[in-house]
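Trainee: This is what each chain is made of:
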Amino acid sequence: MRVKIFVSLKQGVLDPQGKAIERSLHTLGYSEVRDARVGKFLELEIDARSRAEVEPRIREMCDKLLANTVIEDYRFEISNED
Amino acid sequence: MRVKIFVSLKQGVLDPQGKAIERSLHTLGYSEVRDARVGKFLELEIDARSRAEVEPRIREMCDKLLANTVIEDYRFEISNED
Amino acid sequence: MRWAVITFPGSCDDHDVFDSLKSDLGQQVKFLWHKEELKGNFDCIVLPGGFSYGDYLRCGAVARFSPIMRGVVKFAQSGGLVLGICNGFQILCESGLLPGALVRNAGLQFVCQQVYLRVEEIDTPFTGGLKKGQLLRLPVKHGEGCYYADAKTLERMHKNRQILLRYVDSKGKITATANPNGSLENIAGVCNEGRNVFGLMPHPEDACSKILGGDDGARIFMSIAAACAERARRHA
Amino acid sequence: MLEPAREEFPQPRVSPEIVAKHGLTPDEYQKIVKALGREPTYTELGVFSVMWSEHCSYKSSRYYLKNLPTEGPYVLQGPGENAGVVDIGGGLAVAFKMESHNHPSFIEPYQGAATGVGGILRDIFTMGARPIASLNSLRFGSIDHPRTRYLLSGVVAGIGGYGNCIGVPTVGGECYFDACYNANILVNAFTLGIVKKKRIFTGIAKGAGNPVMYVGSKTGRDGIHGATMASESFSEEKEQRRPTVQVGDPFTEKLLLEACLELMEKDFIIGIQDMGAAGLTSSSTEMAGRGGCGIELDLSTVPLREKGMTPYEILLSESQERMLLVAKKGTEDAIKKIFDKWDLDAVVVGRVTDDQQFHALWQGEEVARIPIRMLTKDAPVYQRPATRPANHEQIQQLDLSSVAEPSDLSAAFKQLLASPNIASKEWIYRQYDHFVRTNTVVAPGADAAVIRIKGTKKGLALTVDGNSRYCYLDPYVGGVLAVVEAARNLACVGARPIGLTDCLNFGSPENPEVMWQFAQVIQGMRAACLALNVPVVSGNVSFYNETDGVPIHPTPTIGMVGILDKVERLVTPWFKSSGDVVVMLGRTREELGGSEYLQWLHGLTRGTPPWIDLKMEQAVQRCCLEAIDQGMLRSAHDISDGGLAVALAECCIGGPEKPLGVRVQTHEMIRADALLFSESQSRIIVSLEEEDMGRLQEIGTRHNVPVQQIGVVGGTRFSIQPLVQLPLEELKSIWSNGLQARLK
Ligand SMILES: Nc1ncnc2c1ncn2[C@@H]1O[C@H](COP(=O)(O)OP(=O)(O)O)[C@@H](O)[C@H]1O
Ligand SMILES: [Mg+2]
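Residue numbers (this note's numbering), protein chains in the order written: chain A, 11 to 92; chain B, 11 to 92; chain C, 1228 to 1463; chain D, 5 to 748.
By construction, these hints were calculated from the structure, which means they are not laboratory data.
Keep in mind that this is a model prediction, so the values were computed, not measured.
Think about it this way: if two alpha-carbon atoms lie no more than 16 Å apart in a straight line, the pair counts; the simulated EDC-like pairs of lysine to aspartate or glutamate are:
#1 K50(B) with E53(A)
#2 K14(B) with E87(A)
#3 K1257(C) with D1246(C)
#4 K1400(C) with E1412(C)
#5 K341(D) with D271(D)
#6 K29(A) with E55(B)
#7 K63(D) with D31(D)
#8 K20(B) with E310(D)
#9 K461(D) with D569(D)
#10 K50(A) with D83(B)
#11 K222(D) with D45(B)
#12 K270(D) with D337(D)
#13 K20(B) with E53(A)
#14 K736(D) with E430(D)
#15 K50(B) with D83(B)
#16 K20(B) with E82(B)
#17 K1437(C) with E661(D)
#18 K748(D) with E32(A)
#19 K458(D) with D1246(C)
#20 K210(D) with D358(D)
#21 K1262(C) with D344(D)
#22 K50(B) with D83(A)
#23 K662(D) with D1396(C)
Covered stretches of chain A, as calculated for chain B (at least 3 residues, CB under 8 Å):
#24 37-44
#25 55-61
#26 71-80
Here are some chain A residues the structure puts well away from chain C; computed CB gaps all over 10 Å:
#27 M11
#28 K14
#29 F16
#30 F51
#31 V64
#32 Y84
#33 E87
#34 I88
#35 S89
#36 N90
Where is the CB? At the ideal position from N, CA and C, for every residue including glycine.
Generate the whole structure from the sequences, applying the supplied hints.
Mentor: Below is the structure:
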């Protein structure tokens, strides 16, 4: 299955990259943009029979390695399209 | 409107991060994982009336600043939920 | 006093620590390879700077799972001294041996420069040989050295006086411009509650001889050496 | 490892269009057909196209490069290998080289610069040397060109991103801005490594039957010769994109570095070479060429990153972080073990043969068979037509009377200090780790960087230099000045030159005016090298730096290495204590031609570059070195871009310690702006204690070098009586922010 994982900084953790992007967008004339946040986006291919089977595994991977829960939140999407 | 932009490396472009992540997932025992790819993920708040209005603007922003189209592709989602 | 320096894949300053301890400070020091289990008796284990596993996911995130880290955690829990420098600091945070996390520099750029540090606490083996309020001049060189901890954690750290070093200006004042990476409260180095695990972003090993522009780094290492000698005396 | 696709790979018939797309001329193609005695296959054509490309064959430059003096008593390895090697005594040697990554850096600044650093690092450790210092020479378009900021930020981040990650300090470099680089930036990377004299390795293949091993990253479609686009329409997979931008993986390179150096402590290998330009093809054929043998590769065994790669693509891929080595038969497993420790692939992909053929197999069938000579020694060499540029006399015309002297010289001086070419480059080098490996004695900011050599009393001084404005106005003199300024920078820290490497960046060699500039620059370099007797031990040529037929200024960059017998004797450019006397070695002339002042304040790139007398230059350098050896100098700084005024300012505020003021009195009977900003050569500003003046005078007389006391260190002001008066803080902030402010 195809798994998409989104890792983003927790509220309260400052996001200088987001700030910088917002600033440059404004200087480029895109004044309509507000609070830009930047995160990581991972795509994995996972051999598994069912969602029920993969979900806990993915949560494990995220907690252990893919996200640092001190500063980051994560969510993920699973699609069968392969 | 809420805009989510996903920036990922073009097909065939080396992805050292993805490579490293896949490796460590395997050593951690998640052998079911294949071709991990890492990308960027941006969230923006945009003041606009209609999708028709924002879409071309976003495409511009991506081409100009948010994605490095020499090595990266991007796609985006727009949701009204605000 | 027996030092050990761990080499992770991508460690860069492992030789710096090794050479400075051995040649400049005449210490007994050994390299450890990350794939091995921790064996042998050591007084202090150093996790050096560099880019373990390329720092590709998050600094220190992968190194934390190297086989040797199991032993390092046990060693720390049993009161052994662990020193993490730069990437080593990041690994210690990732593995939960130290509170908080190190994130991207506020300026978004890698910074390599000399900084002034103020010694905030001296009742630890790492700072015991220093004076409270003393200034040290050491180099920093990192892209992700911005220290972060949530309010609750920070409060605990204050209560337990775990903040050992802060970035200051040449007069010892805590200012925004003296902060090279946007760290919370100008924090440059912290220890655990047990006070036997210490992480800092600046590089003492790069400041152990006058010809390299200063030897304030030696004061930290010698402080550790003294503490260990003291321990040995007590155990004897 | 991915299984190579089984289906037939595209082998289009070779048509004139395809030949053209591969950048080969009809004549060159006929040469191929004649030598092979048949039409080449599509795959073979690809091999020829890269091996006969300018980059690999040096077909336009080789004829002229012969003129560079490459011999010297301490040269262990001159041009022709992956890097030059020079003996520094005590059983040690240094390997160094400079290489360009101009075009890739313009397309993708971060990755282009990063992979440039990766490439030069491999050139060094492939010789068995541990890289211990890097420098870089950068050229960008005018500072207010819309792309400059983006390119500069990307290039600097890329150099740091790669160099920092691999743990090699970047200890110096140079960076200039000029409109002539608006559409063609230059990124030249220099690295030096240290090696035991007895453990130098070279890129050679020998001993029929010895295994050829591939180590490092897997092969993808990275950077495949643009020519492969020609094959697109024949490709099976439609969706396949062929990125020509290579992405660097510094972590893998770090592993590769450590693994190779560990391997080189054993006696397992005959030769080794990095896979740089033209990857597998050039590394294998060059190694066979040097060994006078043949080589056979089984492409089906090459570790691949992508599905369905064809033999053509495998041979031409420029994927980074790969090396090719020839092992002694029977050591394969021991070698695999070492690379396994570092989690790297190490695979046997072929063997050395004695038939002097380049032989490539694909799933048992032959896809290329070419005599090695044709790809190496017998590659085309051209003596291209060279003619003096039509505008040569005209650009050398400079009527100073038409150049108004600024009424307010302090204001003019401030303006010049803020020029991005003059202002502090700290914004750049603070992004580079210059401490790692604990050898850095003099960090970026001085005339030359100095690193200590552990286990000895010695030190090495390193610098990169080149003034393209001088070369544009007079390529011969420009070539001379590039070399002598590099040597002068070394003299200022107390080092004697032991060798140099270079990057020669030019426009199209098919343009006779460019070819003339090229020939002239080399003649100038030759003259200077002979006079100062510094051998050229390695280098690199980058042609085609032009857009719409407009070439960049001829830009040779010189990387020079010097040695200090006692590193603790070194001297830095910055004033040390109040009361010291300030002395100028050499003499100022009314020479504003090609100066930064004329360009930045008057918008003129005209005139002739400063006059140079190689005897006087050498005398000045000897004088400085002797004074340093006798320990009488507190500081020494050479006068270059911006002239006396700028050099003095740098002595006051350029250092890591607290700024010091200076009071200078001047007498020369020349126009005031020339006195301050003239770039007359062979000048050095030194400071010393008053009582040593006599001894310095004596040394000067002996070398008959003018030794003029021009002022005294001290105070909180910068003053050149009666022309310029400024408070130090103002000076410092202008100079420190000049570049930074424009990058906000
Ligand atoms: N301008 C030059 N001066 C001296 N030697 C040069 C010059 N240009 C190239 N060479 C030598 O020619 C050989 C091939 O250069 P190059 O192709 O850049 O090496 P590589 O194959 O490692 O990239 C090298 O040994 C280099 O030192
Ligand atoms: Mg090479």
